[in-house]
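Participant: If you want the building blocks of each chain, they are given just below.
There are 2 protein chains.
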Amino acid sequence: MDNKISSVGRVTAQSVEFKETLILESGDQLESLEIIFETYGNLNPDRTNAILVCHALSGNHHSAGYYKNPDERKGWWDSLIGPGKAIDTNKYFVVSPNNLGGCHGTTGPTSIDPKTQEIYGPDFPMITVSDWVNCQALLADHLGIQVWHSVIGGSLGGMQALNWSIAYPDRIKKAGIIAAAPKLSAQNIAFNEVARQAIITDPDYQDGYYLKVGKSPKRGLRLARMVGHITYLSDEAMRDKFGRELKEGKLNFGYGAEFEVESYLRYQGDIFSESFDANTYLLMTKLLDYFDPADKCNGNLVKAFEPIKAQVMVISFTSDWRFSPERSKEISDALLEANKNVSYLEIKSTHGHDSFLFSEDRYVRAIKAFLGNDQ
Amino acid sequence: MDNKISSVGRVTAQSVEFKETLILESGDQLESLEIIFETYGNLNPDRTNAILVCHALSGNHHSAGYYKNPDERKGWWDSLIGPGKAIDTNKYFVVSPNNLGGCHGTTGPTSIDPKTQEIYGPDFPMITVSDWVNCQALLADHLGIQVWHSVIGGSLGGMQALNWSIAYPDRIKKAGIIAAAPKLSAQNIAFNEVARQAIITDPDYQDGYYLKVGKSPKRGLRLARMVGHITYLSDEAMRDKFGRELKEGKLNFGYGAEFEVESYLRYQGDIFSESFDANTYLLMTKLLDYFDPADKCNGNLVKAFEPIKAQVMVISFTSDWRFSPERSKEISDALLEANKNVSYLEIKSTHGHDSFLFSEDRYVRAIKAFLGNDQ
Chain Y
180 MDNKISSVGR VTAQSVEFKE TLILESGDQL ESLEIIFETY GNLNPDRTNA
230 ILVCHALSGN HHSAGYYKNP DERKGWWDSL IGPGKAIDTN KYFVVSPNNL
280 GGCHGTTGPT SIDPKTQEIY GPDFPMITVS DWVNCQALLA DHLGIQVWHS
330 VIGGSLGGMQ ALNWSIAYPD RIKKAGIIAA APKLSAQNIA FNEVARQAII
380 TDPDYQDGYY LKVGKSPKRG LRLARMVGHI TYLSDEAMRD KFGRELKEGK
430 LNFGYGAEFE VESYLRYQGD IFSESFDANT YLLMTKLLDY FDPADKCNGN
480 LVKAFEPIKA QVMVISFTSD WRFSPERSKE ISDALLEANK NVSYLEIKST
530 HGHDSFLFSE DRYVRAIKAF LGNDQ
Chain S
180 MDNKISSVGR VTAQSVEFKE TLILESGDQL ESLEIIFETY GNLNPDRTNA
230 ILVCHALSGN HHSAGYYKNP DERKGWWDSL IGPGKAIDTN KYFVVSPNNL
280 GGCHGTTGPT SIDPKTQEIY GPDFPMITVS DWVNCQALLA DHLGIQVWHS
330 VIGGSLGGMQ ALNWSIAYPD RIKKAGIIAA APKLSAQNIA FNEVARQAII
380 TDPDYQDGYY LKVGKSPKRG LRLARMVGHI TYLSDEAMRD KFGRELKEGK
430 LNFGYGAEFE VESYLRYQGD IFSESFDANT YLLMTKLLDY FDPADKCNGN
480 LVKAFEPIKA QVMVISFTSD WRFSPERSKE ISDALLEANK NVSYLEIKST
530 HGHDSFLFSE DRYVRAIKAF LGNDQ
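As they're listed, the protein sequences go chains Y and S. Residue numbers 180 to 554, in the working numbering, belong to the letters of the first sequence in order. Residue numbers 180 to 554, in the working numbering, belong to the letters of the second sequence in order.
Quick caveat, the hints were computed from the structure, so don't treat them as lab data. Among the clues, some could well be false.
Copies of the same chain are indistinguishable here, so a pair counts whether it falls within one copy or spans any two.
[Said to hold, decoys possible] Simulated pairs of lysine-lysine, DSSO-like, Cα-Cα distance not exceeding 27 Å:
| no. | residue 1 | residue 2 |
| --- | --- | --- |
| 1 | Lys-508 | Lys-527 |
| 2 | Lys-488 | Lys-547 |
| 3 | Lys-475 | Lys-429 |
| 4 | Lys-429 | Lys-482 |
| 5 | Lys-362 | Lys-420 |
| 6 | Lys-475 | Lys-420 |
| 7 | Lys-426 | Lys-362 |
| 8 | Lys-426 | Lys-475 |
One chain only, chain Y, in its complex shape (with noise of 0.2 Å):
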């Protein structure tokens, strides 16, 4: 497939503020609100087109296409959105944001507090998926589109979309929760931790003020990163990757890099610690642990499910460990047993958690046929 003739192409990023005072979920609030996002496709006079799409933890706006250069790396689900791909611009108006918090244009712990006009930092408050939800709402606002014809993403992008079908009903007509769970196990927690332990810990982090002292925890970001790596792949994407094979075909007895999945690690974590922000990695990985939308209710995700009016479509990937079949089969059995409509699909993958970024046939013509078919 010529990627020129099936991406959406050169795309710009928008923006746009919000002065309403936005009350969180924590009981905090911020007095004034940017975000950034980009859009795909055409509105069509009735408005009904928009889809929404969610992006995970480390994620951005930046979901298709490119900014300058057709040759440099695309947006992170241009496998799946662009004309005639699983999400067809040709038929959809896609609108694609940076969430509240992040560390890409979106008012986050990098942006200034208006109230001291110094940097967030630390300071930025702890945000849910709800909030993002209700950012995002406003975002719909702005658009001026009443209801979405889908939201849709994968892993926490997948969680907003859950989340968008309980909190505003009457405002998706779909919901695409793909690689999701509903809510953490404490293995995930576990992981979380790891990560904000290694950021938390890292001398640099300045107690969160590193920016104001000209630092970065790059070394805990890095560890931050490779942890999190080592969950996006299954066991059999790694040993089909990287196997145990050395990178100059013989031991050294060294701690350099000797088998390739230890420089594939390294190189991940330099990358992500010199292009992410630590606070904002820090909040995405407790919004990620406090998503729980059953504890409303006790628990009881059947019950936390009664609202919901959306068509949804529950898809998990056989090789993923991070939020494996059985966590999607959760949601969907609620949905089921609350009397909702909806479908599972598990597709055979062996790209682990990360299945969700691939454009393996069975699953874009699943998300194709999901979008198209209106019931």
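Position chain S against the provided structure of chain Y, taking the given hints into account.
Facilitator: Relative to chain Y, chain S alone:
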């Protein structure tokens, strides 16, 4: 069961110094070697009842009993070693050494290098499981044990038992290989690499010369241990142990330990970082990564097992995802294929990789029967 009755009781460590030069697998050599060890039970006049117990990554020679007070924390395998226990000290003479490179008395990175009269630190040579087994053979010679009744261990301990059966087929009658693998997977190596990077990038690591400057990379060691603990417990074990329980019953919207699992990991990390040597930890993880007995036979495990004469028992645990039952089966299948005397047992357990430390009834009876069954 009354611990005082079933325990080996008060024990004292012994040590022995070997003056001959030890040639290591890496080609490096050590001029002298001290091994610290404990023994439980009595060697019979025929010297045919000696069992070598091999410790895992962070273990040591103190595997049973207590040093001063019956109420103190017992040796790491006290659940299995003692009068009437799985490894019955009424019948067997148990030898439990601290391995080369350790930090509990056996020559290692915290020892003085006789050549320089300085602490070895990062200049301690890389070691392998074969080197460990060779040192244990020296210890056997010293104790007048020509043939081990059994060599047994869990995890990395099981790898030593396997290596014994290949390297010294005439000196081992039985090998108990528990919760082990024939080699590490890319994912296993990846977790070790995160642990190493946590230590090495800790500013207090000081290129490994931290002891010389009165420091210790405790932050890194703490993170390494936290990651380790996630892999020792199963997702299920974590769910049973911690669930999503909140320490204070409610979300605090902060970075303190909110979930029980967070406080458990921090606690384990803190203790470990105060008591273990970072250079030893680095060595042990590398030694694990390097373990691959089939490597000398072009990856052919069946061929690597040809020399084996011992009766072998392979045990795995259903909830172990660090070295899953599939990995144990690779060992037992290759042993079967090589026409060796092997039995394989999968034990139902929820404790994950740590299951080998518990005294689940079926597990205890299996070890007892295996050791007592003189074919």
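Participant: Going back to the hint list, which numbers does this structure go against?
Facilitator: No hint contradicted; all consistent.
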